[in-house]
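Asks: Chain by chain, the residues run as shown.
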Amino acid sequence: MLDESRIGDLLDGGPKPSVPRRKKRLRVWLPILVIAAALGFLIAKGLGNSLVYFRTVDEALAMKATLGTSTFRLEGVVKPHTVTTNASGGVDFEVIGQDGRTIAVHDTANPPELFQPNLPVVLVGHFQGSYFLSDQIMVKHSANYIAAHPNRVATVNGKKL
Amino acid sequence: MNPYVTAGYSAVLVTLAVYAAWLVIKSARLRRAILKAGSTEAGGRA
Amino acid sequence: MTTTLVRKAVGVTSLALVAATVVMGLFVTPPDVVQGNLARLLYVHPPVAWVAYLAYGVTSIASGLYLWRPTRSLKWDRIAVASAEVGVVFTGLTLVTGSIWGRPAWGVWWTWDARLTTTAILFVLYLGYLALRRIPLSPETRAKRSAVAALIAFIDVPIVHESVVWWRTLHQGATVATLGANTKVHGIMAWTLLLGFIAFTMVYIWMAMVRYRVETMSAEIEAHQLEAWEAERMAEADTSDAAIGRLLDPGTRAPDEVPTDQGVAPR
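Chains as they are written, first to last, in the numbering used here: chain A, 2 to 162; chain B, 4 to 49; chain C, 2 to 268.
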């Protein structure tokens, strides 16, 4: 595509003093370098994090010895009737896995707004004795979208979060 | 309105509006440049 | 003339459809049972992401048609770049709207799960495609190299789409692709989502058309300028030939050389 400066030249008459060649070359190659670096960073991040984004409750229990106190992401469903707020400003609850086994969680961070029983969550933290000590809760909501008040118009009685 | 919803819709609408405006302006300027180049050429020949 | 008319019609239609999507999405549809009003982002985020896929799909087809000799034409190269640029705008919007949705719904603006990471890679790949196009080259060489780059970048599109299936992600699975299986989107919410898809697709078509026009007109001016420059060079060559002639034969002097001659004349 044509440079804005060159369109300007055509519209306003004579060419303006042109940009020195070295500066022009920098303008072409600098973005390419930055983009290449960003790409490298993203791929490294992806390989490091995304391939095993989280471990399920069952896997975490099976690997408990090898995991030790290293930090990982733990996924499970918040077990109903186990959620209580704790002194460190977070929540204590249990996450339940596919086969019904549970892990007790002590969370020190403020849970997100959507946090509630029966929703799957991903927790960042590590094992501390029999507990999973979490400093971040992420809610993994489903792909379902169901009207909260099917017969009402949203603006009248919309549930605000 | 939920602030996140407002932010999300605004981000989409504002970005698309700015890009659309840029496209329209650029295309108008190029058209003018082509018309001008055409007319000077014709004038030079006359 | 007809193209102008079509472009205008598409423009007006897309504007109306986007307005309808906003009204439906913000005021008519009900809040979701879990996400409440946050679910309203459903009517913009997936459609915007779909347009990015579509745009890169068009770029790939156009790039393929350029590389294939029987259909080779710079027209395809212009379609490819027009579509890719619009695609980059929509990929950027996908990341931004996703982040804005992620903060209240998940609790984080960003996380390195496969869907998010591969989408960020997609964004950077096509930014790279646009940056590579700025290297000064002949239109044909640029078209050929860009076409190859575009086809390589497209590999990431199916990876992004399948990432939620292939890997464990925080991101939800595909809402639309699995519709009818276990996933549910309630009546009017589904219709509004469909409206969003159509609206933003129309916006894409309009933007790609205008962007293509910008590319074509740029090429036209560039060709014109090249012609003018050639003519100038030819004229210059003429005068220098005349100068050589004068050097060889000092008897003939051009009138503009007289003042110089007078300046050095002996007293």
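Don't read these hints as lab results, they were simulated from the structure.
Please note that a few of the clues may not be correct.
Cut-off 27 Å, straight-line C-alpha distance, at most; resulting in silico cross-link-like pairs (DSS-like, lysine-lysine) [as the list claims (entries may be wrong)]:
no., chain 1, residue 1, chain 2, residue 2
1, B, LYS29, C, LYS145
2, A, LYS25, B, LYS29
3, A, LYS46, A, LYS25
4, C, LYS9, C, LYS76
5, C, LYS185, A, LYS80
6, C, LYS145, B, LYS39
7, C, LYS76, C, LYS185
8, A, LYS46, A, LYS24
Anything over 10 Å on all C-beta distances counts as not near chain B; from chain A, calculated [unchecked claim]:
no., residue
9, LEU3
10, VAL125
11, ASN145
Don't be surprised by glycine CBs; every beta carbon is placed ideally from N, CA and C.
Asks: If a hint holds in the structure, say so; if it doesn't, say that too.
Replies: Hints, verified against the model:
Under the criterion of a C-alpha separation no larger than 27 Å, the hint pairing LYS29 (chain B) with LYS145 (chain C) is consistent with the structure, at around 26 Å. With a CA separation close to 22 Å, the supplied pair LYS25 (chain A) and LYS29 (chain B) stays within the 27 Å bound. Of the pairs offered as hints, the one joining LYS46 (chain A) and LYS25 (chain A) is violated, with about 32 Å between alpha carbons and a cut-off of 27 Å exceeded. Restraint check for LYS9 (chain C) and LYS76 (chain C): the C-alpha separation of about 21 Å stays at or below 27 Å, so the hint holds.
Between LYS185 (chain C) and LYS80 (chain A) the alpha-carbon distance is near 23 Å, which keeps this suggested pair within the 27 Å criterion. Pair hint LYS145 (chain C) plus LYS39 (chain B) does not hold up; C-alpha atoms about 32 Å apart against a cutoff of 27 Å. A threshold of 27 Å between alpha carbons decides the hint, and for LYS76 (chain C) with LYS185 (chain C) the separation of about 43 Å lies outside it, so the pair is violated. With a CA separation close to 33 Å, the supplied pair LYS46 (chain A) and LYS24 (chain A) exceeds the 27 Å bound.
At roughly 7 Å, the least C-beta separation between LEU3 (chain A) and chain B is not larger than 10 Å, which violates its mark as non-interface. Against the 10 Å criterion, VAL125 (chain A) stays outside the reach of chain B, whose nearest CB is about 22 Å from its own CB. No beta-carbon of chain B comes within 10 Å of the beta-carbon of ASN145 (chain A); the shortest separation is about 19 Å.
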